[in-house]
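**Student:** Residues per chain are reported as follows:
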Amino acid sequence: MTVLDIQNLTVQFGGLKAVNGLNLQVKMGELRCLLGPNGAGKSTTLDLICGKTRATSGKIMFDGTDITELAEYRRARCGIGRKFQVPSVFKELTVIENIEIARSRRPGLWAALSTFRTPIRGRVKDVLDRVSLVEHIDTKAGNLSHGQTQWLEIAMLLAQDSKLILMDEPTAGMTIQETLKTAEIFNSLRGEHTIIVVEHDMQFVRQVAQRVTVMNQGSVLADGSIAEIEADARVKAVYLGH
Amino acid sequence: MDALLNQAFAGLSMASILLIVGLGLAIIYGSMGVINLAHGEFVMLGAYVAWAMQTFLGFSILTSLPLIFVVIAFVGWLVERGVVHRLYRRPLDTILATWGIGIVLQQLVRMFIGPESRFVATPSLLEGNTVIGAVVMSNYRLFVIVFALAVLAATWALMTRTEFGTRLRAVIQNREISECYGIRAEKVYAMTFAYGAGLAGVAGALLTPLVSTTPSMGTYLVVDAFLVVIIGGVGSLIGTAVAAAAVGEATALFSMLMNDTLGRIAVLLAIILLIRFRPNGLFPQTIRR
Amino acid sequence: MNRTNKYDFLGYIAFAVIILLGVPFLLGFDGFELNTFARYLALAMVAMALALSWGTAGLLNLGQAATFGIGSYVMAMHLKLAASTNNPGGMPDFMGWTNVESLPWFWQPFHSLTVTLLAGLLLPAAVAGLMAAFMFRGRITGVFVAIITLAFMVALQLVFIEEQRFTGGQNGLTGLAPLSLPGWTVDTYSLSFYYLVAGCLIVALLLGMLVVRSKVGLVLRAIREDASRVRYFGYDVASYETFVFCLSAAIAGWAGMLYTLVLEFASPTYMSVSFSLAIVIWCAVGGRESLVWAAVGAILVNLAEGRLSDVFVEGWLLILGLVFILFVIFLPRGLYGLALAMVDRLRGAPRTDATLPVKEG
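Residue numbers (the working numbering), protein chains in the order written: chain A, 5 to 246; chain B, 489 to 777; chain C, 485 to 845.
Hints are computed from structural coordinates only; laboratory data are not their basis. If you're wondering where the values come from, they're calculated on a predicted model, not measured in any experiment. There is no bait here: all hints are sound.
To spell it out: a stretch of chain C is covered by chain B in this simulated footprint if at least three of its residues, at any positions, have a beta carbon under 8 Å from a beta carbon of chain B; those stretches are:
no., segment
1, 610-624
2, 634-646
DEER-style ranges, computed between Cβ atoms:
no., chain 1, residue 1, chain 2, residue 2, range
3, C, Val795, B, Gly570, 21 to 31 Å
4, A, Gly18, B, Ile726, 18 to 28 Å
5, A, Met32, C, Arg621, 30 to 40 Å
6, B, Thr648, A, Asp133, 51 to 61 Å
7, B, Cys668, A, Asp133, 38 to 48 Å
8, C, Arg621, B, Gln495, 34 to 44 Å
9, A, Gln221, B, Phe652, 36 to 46 Å
10, C, Arg621, B, Gly570, 37 to 47 Å
11, A, Thr6, C, Pro593, 58 to 68 Å
12, C, Arg621, B, Leu492, 34 to 44 Å
13, C, Arg697, A, Val138, 16 to 26 Å
14, B, Glu651, A, Val90, 32 to 42 Å
15, A, Gly146, B, Ile726, 36 to 46 Å
A partial selection of chain B residues facing chain C, derived with a Cβ cut-off under 8 Å:
no., residue
16, Pro579
17, Ala585
18, Gly588
19, Arg752
20, Ile760
21, Ile763
22, Arg764
Virtual Cβ for every residue (Gly too), placed ideally from N, Cα, C.
Given these sequences and hints, build the entire structure.
**Tutor:** What follows is the structure in C-alpha cells.
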C-alpha cells in the first residue's frame, strides 16, 4: 500500500527549479534511500514533504490525504517527522525535556496545560535505552557531544512515533561504530515506520536500503535495488560528471 | 490649491530631515541588525551642539555642521564600543540597551542644560524666500532639501565606491569569512555605527531653525524615521529616499486635513501593518537556506 | 523536570512568607507604609506578568503597560460611577464639563461590580489576544514583536488622551469612590487592604508558576529556542504564544485594577512608554526567567526609588538608566542568575554563569 504519493511536484526559487516534476511513491513500512549529487534536490524534497518549503505546483498525498497546502504542525499531526541535516535539538533544554517535547501525542494547548511530567517508562524509557542516553536525562542538550546530539534527535523522532520519518544525513559526523549502531536501529524500525533517508555514506546505504531512488536536477533519475543502481550507467555518469 | 502646494513643500523639507535620520538608522540596522532606539537622542544631541556653538561661539549652523558630524559620530562610536558591540547576538537586548542609553542621554541633557526649549537662528546667508508662482519657499528649507540629496549621494558613494563600503558589504554578507580575509569586522561595525550617528547629529542641527530644541525632541522623529526604514527596506538607499518623501508628505497632508493626534496614530498603525504584512521590507533579501 | 524547580518552589514559599508576615511587621503595621508597599506589590504583579511571556517564551511585550492601563481604567470607571450617583444623569463630572448628553453605552455596564471585576481580567486578555493572534499567525518574532506591541501601546495611549469626553483625557479618572465589596468598604490604608493586594499577588504567582511548570511552559521554552522545530513536532506555535500573551495580559489587568485602588485614580501615564520601560527594567533586574524574581526586582527597584528619588530628585532616572544598561550587558539573567550562580558555587556543582545571556529565538 502506498503511504506517500508525490505527483509532479515542482518548486521554484527565483529562476532555479530545485525540484522539477518529481514523482515518487513510497510504500507503507518501506525504508527508502534518496541519493544524488549535491544540488539534486534531495533535502528540498524532504522540506516539501514536511512543509518547510511550499510547492510551486504538484501534489503530495500522505495516507490518502492531500497535504500539499497544510501547515507544518498539521503535517506533523498527520504523522510526518523530520530530522534535519544540522542536528536540531533544543540546546537549552535537558535531554528528557527534549524527549517530552517530541512525545507529542496530544499537542493541543489544553492537554499541555494539564500535563506536568512524562514518566520515564514505556516508550520513553525504551527510546532512551536504544540511544544510550538514559544516564544523561538531566544533561542540557547543549552539553552533549556531537554524536550524542545526533542520537538525541533520532531518539526524539522515535519518541514522536511518526508513521513517516524523514532523515537528512543521519550519520553525518558519526564514527564508524556509531554509524553501525544507527544502521541497526533503522533496520529494527523497518515495517513499523516508513522511512526516507537522504544519505551520502554508501556503506550505510548498503546496510539499510531496500530500494534506492537517485535524483538529479530535481527529478528522479533512477530507481531500484542497490545492486541495480550501482550497475546503472546513467547514475555513474551523473556522479562522475558528464 | 496654493495652501496644498505650500504644505507639500513643507512636507518635502521634513522628508529631507527624515531621510538623513532614516539613512543612519537604516545603515545601522542593515549592517548590524541593531534597532537603535537611541537614534532620536543622537538627533537631539546634534541639535544641542548646534545650539551651543551658536550661543557660546557665535557660529551659524552652516559653519558648525562638519564639527557636529564629527562630535556625534564620536558619541556613536563610544556607544558602539561601550555597549552595542557586546550585544551583537542578542537583538532584543540591544533594543533594551539602546533604549536605556536614550534615557540616560536625555536625562543628562535635562540635568546639565535644562528642560526648557532652546532656539537657534536661521543662518543669515539663507534668510529670505524664493517665490515660484504661489509657492513661497524659504531658502533655508530649500537648502535642507539639497543638502539631504547630497548626503544621500555621498552615502551611496561611500557604500559602493570606496574600500570601506566594500568591506562593510563583505561583513554584512558573511562576518566570519570576511575576517578570514583580514577585514576587522569590529572596526567596520564601529565606523558604521559612528557614521549613522553622525548623520543623525547633522539632521538634528538642520532641524534647529525649524523646531524648538528640547531634550525629548528626538523621540517623535525616531518613530517616523523608523517607519521610513520599514517602508524603504534595508539595503536600498533609493528605497529609503522614496519612503522618506512619502512619509514626509503624508504627515504634512495628515496634519493639514486632520489633527496631529490622528496623524500620529496613523503613522503607528502603518508601522504595525507594514511589519505584519510586508516583513520583507525589513529583512535583507531572502535567500534559499 | 529540572533542578531549578525545587529552588523556585522554595523561593516562592519564602517570598509568600515575607510578604504576608515579614513586611507588615517590619513596617510596624503603619497604614501609610502599608499602602506604599501595596503599591509595590501591584507593580510586582505586572512585572511578573511580563516575565511570563518574556522570560518563558522570549516574547518581549514592550506594550505590557497597555493591558495594565486597561485594567486600571476599568476599575476606575466603576469607582467613578459610584462617586457620581448624585450628578445629573449619574454622569461623571468631566462629562458634564464637555457637554456629553448622557452616559455612553460603554460606561453603563461598569455600574456592576461583577462585570467590572470580570472585565478587568477579560478585556486586557481579549485585547492582547487579538494583537497576539494578529502577530503570531503571521509568525512575527523577536524584535518585531517588541516594536509592534510598543507602537500599539502608544497608539492606545493617544486615543485615551484624545477622547477626553469619555476618558478624562490627560487628567485621567480622579475623584473616585472607595471600593464597596459586599460587607466591606475598602480602606486603602488598612492592613486588610494590604492583605488583599498581597493575596492577589501570591495567587497570581502560583497560577503563573503552574503554567510555567506544565508542559505549556516547556513548549514555550522550546519555542524561545527554535519555534520552527517545535512546529515539526505538531505543536501549533501561534496558539501557545497567544495563550501566554492572554494570560500575561489578564494578570497585568488584574494588577492595574489593584493599582487604581491603591492610588485612587487612573491616569494615561499608566500606559505610557516610560511606564512600560520601567516594567521591563524591573524584570531585567530581578531576572526575566523567574516569575518570583521578576516580582522581587519590581519591589527592590521601587523601594530604591522611594528612598533615593528624594535624595537625587533629578538623577534618579539617570541612575536607573545606567543600572539597566549594566544589567543588560553584564547580568542579563538578573539577580536570579546571580543567585543561581551563588547556590551552585556553595554546592560545588558545575557553575552556572550568571553573565551568560539568555538565549533568544
